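**Student:** Protein chains in written order, with UniProt numbering: chain P, 1 to 562; chain A, 1 to 209.
Just to be clear, a hint being listed does not mean it is correct.
Taking lysine to any residue pairs in the SDA-like style, the calculated list, with each CA pair at most 20 Å apart, reads [said to hold, decoys possible]: (1) P/LYS167 with P/GLU142; (2) P/LYS47 with A/GLU188; (3) P/LYS216 with A/PRO107; (4) P/LYS47 with A/LEU189; (5) P/LYS399 with A/PRO21.
Don't read these hints as lab results, they were simulated from the structure.
Here the structure is a predicted model, which means the values were calculated and not measured.
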Amino acid sequence: MSSTFLGMPAAPPRSPYGTGNLRGERKFPAAAHDELRDEQLRRNLGKATRTIRGKRLDVTAELPDWERLRDAGSAIKTDTMNRLPELLQELERKVTEHGGTVHWARDGVEANEIVTRLVQETGSDEVIKVKSMATQEIGLNEHLTSRGITAYETDLAELIVQLADDKPSHILVPAIHRNREEIREIFRAAIPGVDPELDSVPAHLAAAARAYLREKFMTTQVAVSGANFGIAETGTLSVVESEGNGRMCLTLPRTLITVMGIEKVLPRYQDLEVFLQLLPRSSTGERMNPYTSMWTGVTPGDGPQEFHLVLLDNGRTAALADEVGRDALNCIRCSACLNVCPVYERAGGHAYGSTYPGPIGAVLTPQLAGMHAAKDDPNSSLPYASTLCGACFDACPVKIDIPSLLVELRHQHTEQSGTTAEKLAMKAAAQVMKRPRLYTAAQKAAGAGRVVAGRDGRISHLPPPFAGWTDSRDIPAPPKQTFRAWLASAEGAAELRAAAEEGARKPGHDGEQVGPGRNGTHVSPGRDAEQVGPGRDGTHVSPGHDGEHVSPGRDDEDGDQG
Amino acid sequence: MTARETVLGRVRDALALAPRPEVTVPREYRTGRTLPDGERLALFVDRLTDYRAQVHTCTADRAAEVIADVLRERGARKVGVPAGLDRGLLAGYDGEVREDDSNIPAPRLDELDGVVTGSAVSCAETGTIFLDGSADQGRRALSLVPDLHVCVVDLSSVAAGVPEAVARLVPERPTTLISGPSATSDIELERVEGVHGPRTLDVVIRTDV
Ligand code: SF4
Numbered sequence: 001m002s003s004t005f006l007g008m009p010a011a012p013p014r015s016p017y018g019t020g021n022l023r024g025e026r027k028f029p030a031a032a033h034d035e036l037r038d039e040q041l042r043r044n045l046g047k048a049t050r051t052i053r054g055k056r057l058d059v060t061a062e063l064p065d066w067e068r069l070r071d072a073g074s075a076i077k078t079d080t081m082n083r084l085p086e087l088l089q090e091l092e093r094k095v096t097e098h099g100g101t102v103h104w105a106r107d108g109v110e111a112n113e114i115v116t117r118l119v120q121e122t123g124s125d126e127v128i129k130v131k132s133m134a135t136q137e138i139g140l141n142e143h144l145t146s147r148g149i150t151a152y153e154t155d156l157a158e159l160i161v162q163l164a165d166d167k168p169s170h171i172l173v174p175a176i177h178r179n180r181e182e183i184r185e186i187f188r189a190a191i192p193g194v195d196p197e198l199d200s201v202p203a204h205l206a207a208a209a210r211a212y213l214r215e216k217f218m219t220t221q222v223a224v225s226g227a228n229f230g231i232a233e234t235g236t237l238s239v240v241e242s243e244g245n246g247r248m249c250l251t252l253p254r255t256l257i258t259v260m261g262i263e264k265v266l267p268r269y270q271d272l273e274v275f276l277q278l279l280p281r282s283s284t285g286e287r288m289n290p291y292t293s294m295w296t297g298v299t300p301g302d303g304p305q306e307f308h309l310v311l312l313d314n315g316r317t318a319a320l321a322d323e324v325g326r327d328a329l330n331c332i333r334c335s336a337c338l339n340v341c342p343v344y345e346r347a348g349g350h351a352y353g354s355t356y357p358g359p360i361g362a363v364l365t366p367q368l369a370g371m372h373a374a375k376d377d378p379n380s381s382l383p384y385a386s387t388l389c390g391a392c393f394d395a396c397p398v399k400i401d402i403p404s405l406l407v408e409l410r411h412q413h414t415e416q417s418g419t420t421a422e423k424l425a426m427k428a429a430a431q432v433m434k435r436p437r438l439y440t441a442a443q444k445a446a447g448a449g450r451v452v453a454g455r456d457g458r459i460s461h462l463p464p465p466f467a468g469w470t471d472s473r474d475i476p477a478p479p480k481q482t483f484r485a486w487l488a489s490a491e492g493a494a495e496l497r498a499a500a501e502e503g504a505r506k507p508g509h510d511g512e513q514v515g516p517g518r519n520g521t522h523v524s525p526g527r528d529a530e531q532v533g534p535g536r537d538g539t540h541v542s543p544g545h546d547g548e549h550v551s552p553g554r555d556d557e558d559g560d561q562g
Numbered sequence: 001m002t003a004r005e006t007v008l009g010r011v012r013d014a015l016a017l018a019p020r021p022e023v024t025v026p027r028e029y030r031t032g033r034t035l036p037d038g039e040r041l042a043l044f045v046d047r048l049t050d051y052r053a054q055v056h057t058c059t060a061d062r063a064a065e066v067i068a069d070v071l072r073e074r075g076a077r078k079v080g081v082p083a084g085l086d087r088g089l090l091a092g093y094d095g096e097v098r099e100d101d102s103n104i105p106a107p108r109l110d111e112l113d114g115v116v117t118g119s120a121v122s123c124a125e126t127g128t129i130f131l132d133g134s135a136d137q138g139r140r141a142l143s144l145v146p147d148l149h150v151c152v153v154d155l156s157s158v159a160a161g162v163p164e165a166v167a168r169l170v171p172e173r174p175t176t177l178i179s180g181p182s183a184t185s186d187i188e189l190e191r192v193e194g195v196h197g198p199r200t201l202d203v204v205i206r207t208d209v
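Let's have the full structure, built from the sequences with the hints guiding it.
**Tutor:** In structure tokens form, the structure reads like this:
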């Protein structure tokens, strides 16, 4: 099995340029600029991310073994990637044994063709769909439409997005950029036979969607879903959801077609005990989501009698070939990193131009689809759509070190591109860029500094080589620094380089206080660095500030709660 | 080359191009927990209530009475039951009881006012009920299409935490995890109960079974 290639292994290809939904039309700063002017969007997003953040912190804090679950989750995913060839074949074998059919797709175009053919073979010209990032990524709905097949999104938010001919803006709550008034207008315009008197009470809007979709659930013969997990050991697929539309789609039609990225496989059924704890608590901040469905092939007399699993590459193997970038494949799409990201909160999901927004999108999108220097690719701007504050790393249930990945991608981007102003700026930061672990470690130390600080909020110094970080420094971080200014980040990069060099040069140097900059964007020792805690505008989320850090004792008792 | 060979070849190439980090999975998290009956019950009820499920606890000899009360209160005149459900559970109910059969088209289940089923396993810590399609639970459509689900849970089947519950499952069975009634927060994050799944979930816990 290990001898399929002769000689040198070839670098796997990215998702083909110009296909699917892994690339926006404009670079991030330009796209974000417009979104920033949208007050409604910012208010909605701010409220959403704050709310979910709070709930997540509550339910993760209540598990004494949360950190140990994260360690297990992270290791299971790394182990999965190490053994991907055998696990995929095992999954295939088990699904087949239980009456399912497995298909392989090199890229989104191929997956779209497979699904289209499978739908056509059933004789149906419509499908019901469960919210699925993979099918969004490959543009399945658009493709089906072009072949005369109507796809009905059944998740409420996805339905809103679809009826408005819009794009999702959040992994978990894709229509978060819409308020209730807008949703009422969308329903009144697009749902056939809807009550013209429909008001904007969320329960009434949900009831209208229920009535509209009920008939589709009862009559449509084909469903298309994604999958949260696929268990190699048993061939069991799983979908995690809230509304029951997933159960409807996975249960009522005759034929079920599931499109799953190859990285979603898990080795053992037992691994669910970890992910069924990590995912809901990180995602919606619930102890458990209302519904999770698990099925293995076909069960006579219960559910779809025809089951197809489409295993999708579409750039995943290219990401896997990148020693640093492959960690992005460990993502379980909980969206916790979005909800803690100061950049996402301001810019919104659309600015990323990809199915995958936020911190994870900024690393996963370029990994899957590449950053084509010659084409002035909008994706090349994504690794810069971050302040590298590290909040995403701390929130991530599988401990993906997103800041390090971003720094690595910035490095790759500057390597690829020609000599531009950007390149020169980045070259200046090469020292840091080449040592992402050092840089992140420095950040973590800075974050930890706030935690270890005494009552008066002061810490005396950090150990070398980070001592330079704790020096009093003059940072050009004016109070009203604009989004675009810090986004451009050349300044920040130079600052980082200087700090890292100093840190390495001056071991043992006593320093002062560290904290986020005044506007909560730069994580660097600021002029007003006496202050410990969030930036002055109160929006900055950083390690430690909202209680995410494990306090001593939380993780070392085995007792049950309650 | 088939797509299968190509994708598997790419995966192997990728792993050859970048070294695989050594890893052993640390399973230091809590497993194998047990809790005394009283604590397990209290925890489970607390979590179910938090999801706004309706909870009724009783001893086995009173279960039929409790179920009849619930169905009457909900105005359910026509309820479905899986073929393997102990019919004694409906002894106190005076409405129409229809036994499910996989030949009945799922849309016809919409005619039912509610459904009464058993359950396979539950998890106290998360307030989750696991159905696995056994004879007392029936096919998945049965507990999905009707708007009211009355679910009977035996305290002995309630595990303390998620690992303890997952360990009791049979992987190959079609399994549904239910944690409260269906809900959405898609509109301005305001929680709305009852979208597509049953809008009402009544859990009858038999404390001495
Ligand atoms: S990167 Fe981590 S935090 Fe972000 S969506 Fe993925 S699993 Fe969740």
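**Student:** Run every hint past the structure and note whether it holds.
**Tutor:** Here is what the structure says about each hint:
no. : hint                   : verdict
1   : P/LYS167 with P/GLU142 : 12 Å, holds
2   : P/LYS47 with A/GLU188  : 8 Å, holds
3   : P/LYS216 with A/PRO107 : 11 Å, holds
4   : P/LYS47 with A/LEU189  : 9 Å, holds
5   : P/LYS399 with A/PRO21  : 15 Å, holds
Figure legend: structure checked against the earlier numbered hints; every hint is met.
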